[in-house]
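S.K.: If you read the protein sequences in the order shown, they are chains A and B.
Going by our numbering, 17 is the number at position 17 of the first sequence; the sequence numbering is gapless.
Going by our numbering, 1109 is the number at position 109 of the second sequence; the sequence numbering is gapless.
Take the hints with a grain of salt, since some may be wrong.
Per label pair, the in silico range of CB-to-CB distance [what the hints assert, rightly or not]:
1. A/39 <-> B/1347: 29 to 35 Å
2. B/1294 <-> A/20: 25 to 31 Å
3. B/1328 <-> A/19: 25 to 31 Å
Some chain B residues near chain A, calculated using beta-carbon distances under 10 Å [as the list claims (entries may be wrong)]:
4. 1093
5. 1235
6. 1239
7. 1241
8. 1288
9. 1399
10. 1416
Far from chain A, some chain B residues (derived; all Cβ distances over 12 Å) [said to hold, decoys possible]:
11. 1060
12. 1063
13. 1279
14. 1309
15. 1318
Worth flagging that the hints you see were computed from the coordinates, not collected in a lab.
From the three backbone atoms N, C-alpha and C, an ideal C-beta is built for every residue, glycine too.
In case you want the letters, here they are:
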Amino acid sequence: MSEPAGPDGRPDPARAEVAGMAAVIERAEADLSLVEEPARFAAALDAGAPDERARRSSAPRSTTR
Amino acid sequence: MTDWTIASLAAAIRARRISPVEATQECLARVARLDGRLRAFITVDADGALARARALEVEAAAGRWRGPLHGVPLAHKDLFHIGGLPTSCGTKTAEYFFAERDATAVARLIEAGANTLGKLNMAELALGPFGDNAHHGDAQNPWRAGHVSGGSSSGSGVAVAAGLALGALGTDTGGSIRLPAACCGIVGLKPTYGRVSRAGAMPLSWAMDHIGPMARTVADVALMLEVIAGPDPADATSSAREVPGYLAELERPPAGLRVALPENYYLDGVSAEVAAATRDALAAFERLGARVASIRLPDPQVIHDVSSIIARAESSAVHSRVLRERPHELQPAVRARLAVGTRISAHDYLQALRLRARLARDFNDEVFAEADLLILPAIPEPAPALADVTAGEGETIAARMGRFSRLTRPWNGLGLPALALPCGFAASGLPLGLQIVGRPFDEATVLRAGHAYEGATEWHRRRPSLD
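Same shape as in the complex, but just chain B (with noise of 0.2 Å):
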């Protein structure tokens, strides 16, 4: 199950070489045999998931093929509601959240084909960029146990780094896609706002909330992008704009493209690993036929800023009645994170909003006119050790936990379409993580970019030792 990708595998499937209960019975040996120290899932259907793979191996011995997904065993951050299975959002509530149908996202990809093997480990309501867990444990990063895996979306990383689910659905309120697919070495992408329907999955902000594909490579990040964005009645939110054909888009040459690299913020204070792995992600695109430059941004610090605010604000209000019914569940940090957003004002959340709206205009008015594309680094240095993150008071963990998040977090403000894929490795053997930014709704090019930095480089194909 190491070697193979959503594409590979749903070929093969296509072919009768390996069917789909062979395939979902090969991820659950692998849940069964690692997932004890790595802490992906929280929930494993195993029963459920094989019957559902009885049942597509039915219908492809029929010749009844589902979608591009047809038999390929996923899983998915446990926020999303999918009915017959509890969605503890990483509490210590076994059914904190519920929604009276499946989450959009999700039920697209079943309609596509996909088997869903359970529910992944995340931070306590979203809430936290390490992948620490008091309540269903710490989700272990698959290349040094002990550090960190990326949060919010921590088991979702680890789950596909690992093998154990060929690909994942996360969230992204402030870095929860591209943290853990830096942290665990794979592809992550946060779409644009409004692409891809937000109903059924827990909210935390809805200014910032964005749901995405997490999986090996960009092109199985495009296949299912493509499966799951589009407008969606049930979330008034979603984009009615077309969807393009992502993986048609894919093998359309860089050449041409203007890549620029920021000059202020993204590159201070990051370790000295992340900010050569950039550079040399820069010249690797130079290489491919990319005009690369280097460009100042609109000050990242007050986007960054204005959207702290909002989140703060909004998560503190979802998240009102377990704060004041039984503030004690929850962990310091997480506690500590929602108390400051009830101590904002109405003012200055209405003028983050405000402001927003300003500084989203004037960034893709002004950085769009030079460029088509920015690369960054999606973390500051490679996976801390966990304990040296959570060691602390609630306060001290919650400012390190924006400092974990500084690089990802303006683009949840913006809105805009980020990518982040492994860019190296640390001499630690940890993953490094670069992001590639684009214009509202442009993920068909930012992936395309993806795709063929991806065919430059070998980070992609490396797999942490497991077994």
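Extracted from the complex, chain A is given alone in its bound form (with noise of 0.2 Å):
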């Protein structure tokens, strides 16, 4: 495949680049739930977070702090 090109013709990096952005996104939004948004990115974090209470149970506290 060629290179996509700028307005005067010539081979245009970034348009490239730009272009393969957007095919990734065409990939991989098609199966996006609709309540999908960017604030559940945090929540996932949480969700994935060890229990704290479990971990002070098994071992002590430092105190730099």
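Assembling the complex is the task here: the two chains are given apart, and the hints tell you how they should meet.
M.R.: Right, here's the structure in full:
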């Protein structure tokens, strides 16, 4: 496949890169749920975190602060 | 100074075997002797550091100890606002960035007794993994001059590896703590997104930026993290989660932990030496009693690309003014990277943010059901020659940048804690770096595993020959 060209007809690497990014999104977005939203990223981190209460019960807390 | 760690120096100061002034003087003498060629610093605050050291010495003499870092000389990437010092962010403009208050992470280190020697070199606007800087000089790899020091926290990696400072703060948007740590043979941690406040630091991408510690040992990194982590009203994205005692956790053995080596993506195209060192590390974990396995990860290229879209769009928005008004001041590769970001559509940016949320949730559910930790390389090859990676047009260099950070960037997108630490040396004498990745907010287990690996190997004890 030839590289996308700019208005002057010369190869435009930036245009090619942006087109590549758009293609990534197009492939990946197909099965996105309607309720998916950016804020759910923070929720995913919290949901995946270990249970600190369990850790506290098995290890001492140090006191640097 | 080359033999001290933060922990050993802090203990020696407490025991009055060395004073804060002596420690500071020794670091400053090394800076004066070596930094002309290493180019780790942008600003050396010698007078200020000595004045603060004298004050810390008076307090110590009176038995007043500020905290676990009392008198320990540190230095920080030149994108943290520190009152009284300019913040260039690696640009041509001496005072590119200003904040109302000292960066929270720096302020917490100072409250714990640390002394700040100055501000460290970095890639321009934190946009680049090689450590080159046309305005402040290329940060030199201490193991071999003329080779990449890693970026964008290049000066942080060089200063710590060369013994100019005992530890440093870096920032990591696509690998900028872990790449210089790996290239320079030191330890660097990108914590979980939200674990460390970003207030007072130059933003590059608010969804991808992380602040973290860099030092010679995992224990030093754990100590610094324990000081800087935790909620901050000045950063709405900082997590309210309680900060565990990282140092106390270090001594728990790794036996029984499930440690997995990804069988896709992370060993593709890496050098033979890097692949061998990574597999050796897995074997070391097995000898330590970990349950090792291989694992197939959800396609890392997708989260890599999604992360890249988000970072590009946000960085070009944050830095649009310099791109619009003074583009000639920017290095060609930096200008090229920012320019691409201006052409990403709102649709693609928003879809990338939505995809990130789903990818993170799926990854955590699938991968951490099978493994507690992942190990993988930090850099695809030993630090290449600067002349090789900085040759050519801006777009060509930008493409090389993307390839060099392909092993680190996915973890910014997923927001997971990722530790880089030495795992061997290439035949050329340049360091090799390992990454240990864990669950969200589980830095304790990541550090514990890194500390155990460090105890079973000798890589972290080697020092570059500089004198």
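S.K.: Okay, which hints does this one fail, numbers in order?
M.R.: 1, 4, 5, 8 and 14
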